[in-house]
Amino acid sequence: MTVIRASDVSFQYRENKKIIENINFSIEPGKITAILGKNGSGKTTIIRLILALLPLNEGKIYINNVDLQSKDGIKYIRKQCGIVFQNPDNQFVSPILEDDIKFGLSNHCIPESLHSDCVKSALEKVNLSGFEKRKISTLSGGQKQRAAAAGILALDNNILFFDEAGSMLDPNGKIELRKLIEKLRNQNKTIVLVSQNIDDVITADRIILISGHKIICSGSAREVLTDYEKLIDAGIQIPFAVRVYKDLLQKGIKLKKCPLTIDELAEELWNLN
Amino acid sequence: MELELRNVTVSYSSAEKILDNFNLEVNKGLFFGITGKSGSGKTTLLETICGFHKPEMGQVLFNNQNIYEGKFDTVSFRKKVQMVFQFPENQFFETDIRKEIEFGIKNTTLSSEDLNRRVTETLQTVGLNDNETEELSPFALSGGQKRRLALACALVLQPEILLLDEPFSGLDNSGQNQIIKILQNIKTKGTTILMVSHDPNVLCEIADRIIVMNDGRIIKNEIPPIVYSDKQFCSQLGIGQPDTITAANLLDVNLNNDFTYENFITKLAEKLLLKNND
Ligand SMILES: Nc1ncnc2c1ncn2[C@@H]1O[C@H](COP(=O)(O)OP(=O)(O)OP(=O)(O)O)[C@@H](O)[C@H]1O
Ligand SMILES: Nc1ncnc2c1ncn2[C@@H]1O[C@H](COP(=O)(O)OP(=O)(O)OP(=O)(O)O)[C@@H](O)[C@H]1O
Ligand SMILES: [Mg+2]
Ligand SMILES: [Mg+2]
Numbered sequence: 001m002t003v004i005r006a007s008d009v010s011f012q013y014r015e016n017k018k019i020i021e022n023i024n025f026s027i028e029p030g031k032i033t034a035i036l037g038k039n040g041s042g043k044t045t046i047i048r049l050i051l052a053l054l055p056l057n058e059g060k061i062y063i064n065n066v067d068l069q070s071k072d073g074i075k076y077i078r079k080q081c082g083i084v085f086q087n088p089d090n091q092f093v094s095p096i097l098e099d100d101i102k103f104g105l106s107n108h109c110i111p112e113s114l115h116s117d118c119v120k121s122a123l124e125k126v127n128l129s130g131f132e133k134r135k136i137s138t139l140s141g142g143q144k145q146r147a148a149a150a151g152i153l154a155l156d157n158n159i160l161f162f163d164e165a166g167s168m169l170d171p172n173g174k175i176e177l178r179k180l181i182e183k184l185r186n187q188n189k190t191i192v193l194v195s196q197n198i199d200d201v202i203t204a205d206r207i208i209l210i211s212g213h214k215i216i217c218s219g220s221a222r223e224v225l226t227d228y229e230k231l232i233d234a235g236i237q238i239p240f241a242v243r244v245y246k247d248l249l250q251k252g253i254k255l256k257k258c259p260l261t262i263d264e265l266a267e268e269l270w271n272l273n
Numbered sequence: 001m002e003l004e005l006r007n008v009t010v011s012y013s014s015a016e017k018i019l020d021n022f023n024l025e026v027n028k029g030l031f032f033g034i035t036g037k038s039g040s041g042k043t044t045l046l047e048t049i050c051g052f053h054k055p056e057m058g059q060v061l062f063n064n065q066n067i068y069e070g071k072f073d074t075v076s077f078r079k080k081v082q083m084v085f086q087f088p089e090n091q092f093f094e095t096d097i098r099k100e101i102e103f104g105i106k107n108t109t110l111s112s113e114d115l116n117r118r119v120t121e122t123l124q125t126v127g128l129n130d131n132e133t134e135e136l137s138p139f140a141l142s143g144g145q146k147r148r149l150a151l152a153c154a155l156v157l158q159p160e161i162l163l164l165d166e167p168f169s170g171l172d173n174s175g176q177n178q179i180i181k182i183l184q185n186i187k188t189k190g191t192t193i194l195m196v197s198h199d200p201n202v203l204c205e206i207a208d209r210i211i212v213m214n215d216g217r218i219i220k221n222e223i224p225p226i227v228y229s230d231k232q233f234c235s236q237l238g239i240g241q242p243d244t245i246t247a248a249n250l251l252d253v254n255l256n257n258d259f260t261y262e263n264f265i266t267k268l269a270e271k272l273l274l275k276n277n278d
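So the protein sequences, as listed, match chains C and E.
Residues in the first sequence are numbered from 1 upward in steps of one, following the working numbering.
Residues in the second sequence are numbered from 1 upward in steps of one, following the working numbering.
Take the hints with a grain of salt, since some may be wrong.
[What the hints assert, rightly or not] To be clear about the criterion: a stretch of chain C counts as covered by chain E if any three or more of its residues have a C-beta under 8 Å from a C-beta of chain E, and this derived list gives those stretches:
no., stretch
1, 229-237
2, 256-268
[As the list claims (entries may be wrong)] Which chain C residues stay away from chain E? Per the calculated CB distances, all over 10 Å, these:
no., residue
3, L54
4, K75
5, D99
[Stated by the list, open to error] Here are some chain E residues pointing at chain C (derived, C-beta under 8 Å):
no., residue
6, Y12
7, Q86
8, E132
9, G175
10, I265
If you are wondering where the hints come from, they were derived from the structure by calculation, not from laboratory data.
From the three backbone atoms N, C-alpha and C, an ideal C-beta is built for every residue, glycine too.
Use the sequences and the hints to build the structure in full.
Rendered as structure tokens:
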């Protein structure tokens, strides 16, 4: 089963400057899929194409088998998808937080009688209870990112994109966002995640790695994130445990298998004796 | 003392103090990492040092002069102290990247040749020097490329004090390493750096001292090993711990207060080889 399918998609912003070239992928429902690649590799561009925020000139994109370029394609996709943008300031349309979330609710045709409850529960989810009347411009960086996420969570879309949505959060905030995303997955939502922070993507079900305008590898988090050479090739941060595994190997110490987390590393080291 | 905050109190409304009787002394050439929960006042602190929030009480002194006093030379201060904002993309206004960087230095005595060279060098140091990117408008850049540009705009001015608000967020691995090198390099040339970050790994690697903030106050101002070795303290203040410490605790490796990755891997290998020889 697939929710999003991209077939032979290429894109360039300017003549002869390919950003992505002949990309094919499919995203499964109820799973977390992470797109990884270095700065400028085209991650945000891919998301913009899926959401029809950029014109698709080469290739095809389908959401639940609906062709993005069909008559009501764009309308359908916008209803299915929600996105937390890389820069939260691109997210907001109203100066007051509560109004901003309500604006989205109105757009999604949610009855006004439910608005207050929706706002309340969305803000609770991101730990911003009591911030209803706050001017968005007065929020701290981390608060702004949480506010942006709240606006999307309120809409209850089936497919959710998080583009570096936690980059400004403090360590606990990052952990809470990861938990929230896993909870959404457990509610059968489809999640597409972009983050440079490897800890954010370790729990993904599937990882798509981009480099040099192409997908260079895709698979489970374990397969992709323990593939040292590919990660280096793509310019991605190496998980701590994988780095330790590699460096121990150089010093003549071989673990049975490459661990993905620090806990697994500990386990492998106990096994050594 | 190059920079000093004396009993500084800043608030946006009457009720809540964002900086609460804040005291800090910064010697030239030091690298301060600033960390603490979201909303603890880190951005407000940098902006206050930069001259954006006149404190209700207290003084901000730059080379012993109060920067908020009427007779203070704000024009030359603005050149010597540069800040890279938490969301720098909101600051751009030129039509291409070179112009954006040039903006800060174009009214100086530099010849146009020198000026060009300096812009090119700066683009190189932040990794934006490929031809394709150079032609773009700042607004067409990817998220990480925008962060690099913002840093370039500050670096080109060769400030005496550099204030950085989460400069690593969203940067890829090579970008992070590149910028760590730049910061280490300008530090050896005497630049004072105050950097806000939530990343204990980066802070441990490059900061001379760590300031931990909570509710507008300094809770700790210490060298990194002292701040980050106390697990309970770190979790209480929500600042996290470097991977090396988490792993060392779990694996029972003694790091002797050197939390760099190199030391960790050396000590771990030593321990394992010793065991094997038993
Ligand atoms: N409007 C535009 N016009 C021209 N080039 C663009 C435009 N928008 C993006 N680009 C270029 O396309 C490439 C891909 O950008 P994109 O934003 O998709 O990267 P990304 O993978 O999301 O990177 P990051 O991790 O930095 O956010 C970059 O090199 C960028 O400079
Ligand atoms: N203009 C304002 N009016 C009211 N409160 C404000 C205003 N600006 C900031 N605040 C509040 O002041 C507190 C400190 O904000 P600041 O931006 O300094 O936090 P921070 O430590 O940088 O947080 P983060 O890690 O999330 O960036 C926050 O709770 C914020 O909501
Ligand atoms: Mg991006
Ligand atoms: Mg901040």
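Tested hints:
Coverage of the stretch 229-237 of chain C by chain E holds [criterion: at least 3 residues with CB-CB distance below 8 Å; count 3]. As drawn, the stretch 256-268 of chain C meets chain E at 4 residues by the rule of a beta-carbon pair under 8 Å; at three or more, the given contact holds. Against chain E, the non-interface label of L54 (chain C) holds: every CB pair exceeds 10 Å, the least being about 12 Å. No beta-carbon of chain E is positioned within 10 Å of the beta-carbon of K75 (chain C); the least distance is around 28 Å.
Consistency note on D99 (chain C): stated as away from chain E, and its beta-carbon is indeed over 10 Å from all of that chain's, at 20 Å minimum. The restraint placing Y12 (chain E) at the interface with chain C holds, with a minimum CB-CB distance near 7 Å, inside the 8 Å limit. With a least beta-carbon distance of about 4 Å to chain C, the hint placing Q86 (chain E) at the interface is held under the 8 Å criterion. A least Cβ separation of about 6 Å between E132 (chain E) and chain C falls short of the 8 Å threshold, and the interface hint therefore holds.
Annotation: G175 (chain E) was flagged as interfacial toward chain C, and the flag holds, the nearest CB pair being 6 Å apart, inside 8 Å. Look at I265 (chain E): its Cβ gets to within about 5 Å of chain C, closer than 8 Å, so that hint holds up.
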